[in-house]
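Using the sequences and the accompanying hints, generate a full structural model.
Protein chains in written order, with my numbering: chain X, 2 to 298; chain R, 20 to 438.
Quick caveat, the hints were computed from the structure, so don't treat them as lab data.
Note that CB positions come from ideal geometry on N, CA and C, so glycine has one too.
Check the hints yourself; a few may be wrong.
Covered, in the sense of this in silico footprint (three residues per stretch, anywhere, with C-beta under 8 Å from a C-beta of chain R), are these stretches of chain X [unchecked claim]:
1. 116 to 124
2. 175 to 183
3. 232 to 239
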Amino acid sequence: MASRAEQLQEDLVKNSYLADRGLATVLSIAMTLHKPLLLEGEAGVGKTQLAKTLAEMTGVRLIRLQCYEGIDVAHALYDWNYARQMLHIRTLEAGHAADPGRVDELFSAEFLVRRPLLDAIENDDPEPPVLLIDEIDRADDEFEAFLLELLSDFQVTIPEIGTIRARRRPAVIMTSNRTRELNDALKRRCLYHWIDHPSPEREAAIVRARVEGASEPLARQAASFVAALREMDLSRTPGVAETIDWVESLSALEEPALTPEAVEMTLGAVLKEREDMELVRDCDLAALVAAARDEGD
Amino acid sequence: MEAVAGALVEPVVAFGRELRRREIEVGPGRVEAAIRALGCVDARELDETYWAMRCALLSRIEDAEAFDAAFTAFWRGAQMPGMRLERPLAPRKSMERREQEAGGPEGAGRSELSRVSLEPDSGNAEEAAEDPVGASFSSVERLREMNFSDWGPEELAAARPLIERIARALPRRRSRRLRASHRGESIDRRATMRRAMRTEGHPLELLRRERETTPRRMLFLVDVSGSMEPYARPVIVFCQAVRQASNRVEAFAFGTRLTRLTRELGERDPERAIERASRAVPDWAGGTRIGENLRVLNAAWGRRGVTRGAIVVIFSDGWERGDISLLDREMGRLHRAAHSVVWVNPLAGEPHYEPLAAGMAAALPHVDRFLPGHDLRSLEALSSTLEGLGSRERPGPVDRRGRAAVRARSLVPGRPILT
Chain X
2 MASRAEQLQE
12 DLVKNSYLAD
22 RGLATVLSIA
32 MTLHKPLLLE
42 GEAGVGKTQL
52 AKTLAEMTGV
62 RLIRLQCYEG
72 IDVAHALYDW
82 NYARQMLHIR
92 TLEAGHAADP
102 GRVDELFSAE
112 FLVRRPLLDA
122 IENDDPEPPV
132 LLIDEIDRAD
142 DEFEAFLLEL
152 LSDFQVTIPE
162 IGTIRARRRP
172 AVIMTSNRTR
182 ELNDALKRRC
192 LYHWIDHPSP
202 EREAAIVRAR
212 VEGASEPLAR
222 QAASFVAALR
232 EMDLSRTPGV
242 AETIDWVESL
252 SALEEPALTP
262 EAVEMTLGAV
272 LKEREDMELV
282 RDCDLAALVA
292 AARDEGD
Chain R
20 MEAVAGALVE
30 PVVAFGRELR
40 RREIEVGPGR
50 VEAAIRALGC
60 VDARELDETY
70 WAMRCALLSR
80 IEDAEAFDAA
90 FTAFWRGAQM
100 PGMRLERPLA
110 PRKSMERREQ
120 EAGGPEGAGR
130 SELSRVSLEP
140 DSGNAEEAAE
150 DPVGASFSSV
160 ERLREMNFSD
170 WGPEELAAAR
180 PLIERIARAL
190 PRRRSRRLRA
200 SHRGESIDRR
210 ATMRRAMRTE
220 GHPLELLRRE
230 RETTPRRMLF
240 LVDVSGSMEP
250 YARPVIVFCQ
260 AVRQASNRVE
270 AFAFGTRLTR
280 LTRELGERDP
290 ERAIERASRA
300 VPDWAGGTRI
310 GENLRVLNAA
320 WGRRGVTRGA
330 IVVIFSDGWE
340 RGDISLLDRE
350 MGRLHRAAHS
360 VVWVNPLAGE
370 PHYEPLAAGM
380 AAALPHVDRF
390 LPGHDLRSLE
400 ALSSTLEGLG
410 SRERPGPVDR
420 RGRAAVRARS
430 LVPGRPILT
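In structure tokens form, the structure reads like this:
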């Protein structure tokens with residue numbers, strides 16, 4: 002009998018996400034224990050995609066909160082619709098009905114603007130959604146402290162309305178690119194997993210699952226080539242997403258295999274910095290391609 | 020499953036102790052999470068057991084190697100309840116090294132720094148520094164101007180409170196976060212509406228918000244090669260003090276290779292922090308390859324955004340044993356990503372100092388401020404320079420001809436190179 006983790010791994014594969022056993026095990030534990038999962042790793046290894054695939058696979062809604070510096074409760078949790086509140090006051094005034102009791106209406110659910118976190122806690126979904134808190138390292142300490150509170154009991158208090166508690170906890174996936182160390186208290190709430198760049202074999206399989214009509218040799222050669230690029234001293238290492246883009250461009254050229262000319266033409270899909278392009282062009286492209294073809298075969 | 024989980028409590032708690040012994044921070048919450056995580060997986064599969072423990076007990080990828088070593092050592096001996104141990108774990112690289120380090124005499128040999136900083140009576144130093152008696156006052160004054168190269172353990176211990184005070188002035192920048200303020204430029208609509216409730220919905224008073232300030236990211240690079248040896252210790256104490264005041268600080272030591280010290284210096288107890296830092300540096304008092312180390316820094320850390328928008332402070336005498344053109348290129352790369360680059364050179368305290376070292380000369384065009392760093396007074400100057408830099412817009416590129424002219428004039432220590 003397959004264990005829960007194995008089953009999950011298979012389901013992810015069916016949905017074109019090739020997770021290794023470690024990631025599948027950790028994800029299945031997080032879902033069973035209803036604990037948030039903190040994913041770290043280089044850009045482009047599929048941290049965000051995992052949340053998307055999980056939502057798609059289980060047929061639930063994905064709620065995404067993109068973090069940025071200065072993000073606060075009004076952006077993440079709720080806000081009031083000020084324009085409507087003002088209009089409502091005018092309407093009440095026109096009817097000479099602006100007594101204190103009526104004015105309290107201004108802070109009712111009708112005027113509440115629901116932001117992603119509130120949506121994740123309170124909704125009419127038949128199954129709890131997947132909440133993706135993306136790039137948490139970009140937010141600041143104050144926001145982290147707020148999240149810590151929210152993630153510990155999945156309830157929030159809106160002073161004018163009261164306390165709202167999640168009937169069922171959403172699956173929470175947080176990602177970080179590690180531009181700074183996260184608060185230890187926040188980490189303690191989470192299960193932790195580091196996603197590495199995939200091996201060339203796995204990457205080739207991911208590419209074939211993602212790009213329709215990508216030939217197997219081409220996918221394998223491209224994956225080997227990208228693996229070699231990652232060994233180089235680039236200022237921005239290509240992620241899996243770049244490999245996928247690249248193989249799409251190569252397939253569009255209808256090249257059955259990697260050639261120096263095709264690489265030269267499409268390198269912009271993999272490398273996004275001028276310095277990196279120059280660095281790779283200064284190397285012997287033909288030799289790099291030949292090595293990738295050897296390894297890919 | 021409950022029964023299995025119950026049987027797991029003891030070994031998992033013991034394993035937690037083992038991890039703590041190896042300096043991986045594991046609190047009771049994590050141990051509990053690990054026990055529950057084990058209940059979710061097929062405990063007969065070593066793989067799944069490993070991942071269940073790892074996701075609950077590990078919280079930084081840097082600890083992965085030490086975790087793996089502990090896992091192999093611990094679970095190989097003790098049979099887990101109901102677990103098959105047929106598949107041996109693949110030996111992880113450098114496990115032996117880790118084990119030697121963990122078991123061997125702590126930091127023997129190279130950690131001269133720790134010996135110095137572990138002086139037991141450093142607690143009295145603060146009293147001494149604050150003693151109102153004139154003699155103590157003048158000894159503080161003397162200490163402020165004493166060259167670091169003449170310092171012994173007593174001076175280092177006595178200076179710690181002073182260094183900590185100097186380190187507290189951190190550069191700040193305007194953040195995107197807003198807070199309530201009377202003078203702010205933007206109107207706080209939520210608070211204004213709330214206040215309007217007092218006046219039957221008329222927004223009579225406009226409440227405002229302004230942008231908060233936040234500590235600017237800082238990156239310290241400390242040269243620990245032979246020629247810098249007498250200066251590196253006080254500087255590392257300084258870095259530890261700055262690191263205590265802000266979590267937006269990264270610190271690295273470099274000689275022949277680059278060592279990240281951010282975590283070691285994050286330790287609250289200064290003596291333990293310095294001791295751990297000196298143990299982490301494998302090439303104390305060796306050679307220097309500044310360009311190569313900057314290359315590694317730019318490649319491995321710059322990509323993650325550690326250098327972006329940061330004030331980078333390099334403590335080094337600029338004696339480069341490696342390739343000068345590499346140093347030039349990597350300094351350029353660092354300077355483009357950073358907010359500003361400050362170079363602190365202990366030799367610049369000499370009255371007739373000129374940047375003759377080839378490495379120093381190559382680095383200067385990419386430096387925004389050039390300061391001496393040989394005594395406490397110069398650390399004070401550094402601190403106020405940093406504080407001033409924080410709020411300023413990025414010093415920005417200056418045209419090459421203009422820069423060369425300014426540079427020649429402004430090599431008076433402590434003066435900005437760019438004006």
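Mind checking, does the segment 232 to 239 of chain X have 3 or more residues with a CB under 8 Å from chain R?
-> Holds, because 5 residues of the segment 232 to 239 of chain X bring their Cβ atoms closer than 8 Å to Cβ atoms of chain R.
Within the segment 175 to 183 of chain X, is the number of residues with a Cβ closer than 8 Å to a Cβ of chain R three or more?
-> With 5 residues in contact (Cβ-Cβ under 8 Å with chain R), the coverage given for the segment 175 to 183 of chain X holds.
Counting residues of the segment 116 to 124 of chain X that have a beta-carbon nearer than 8 Å to any beta-carbon of chain R, does the count reach 3?
-> Since 0 is below three, the answer is violated.
Checked against the numbered hints given earlier, the structure breaks only hint 1 and satisfies all the rest.
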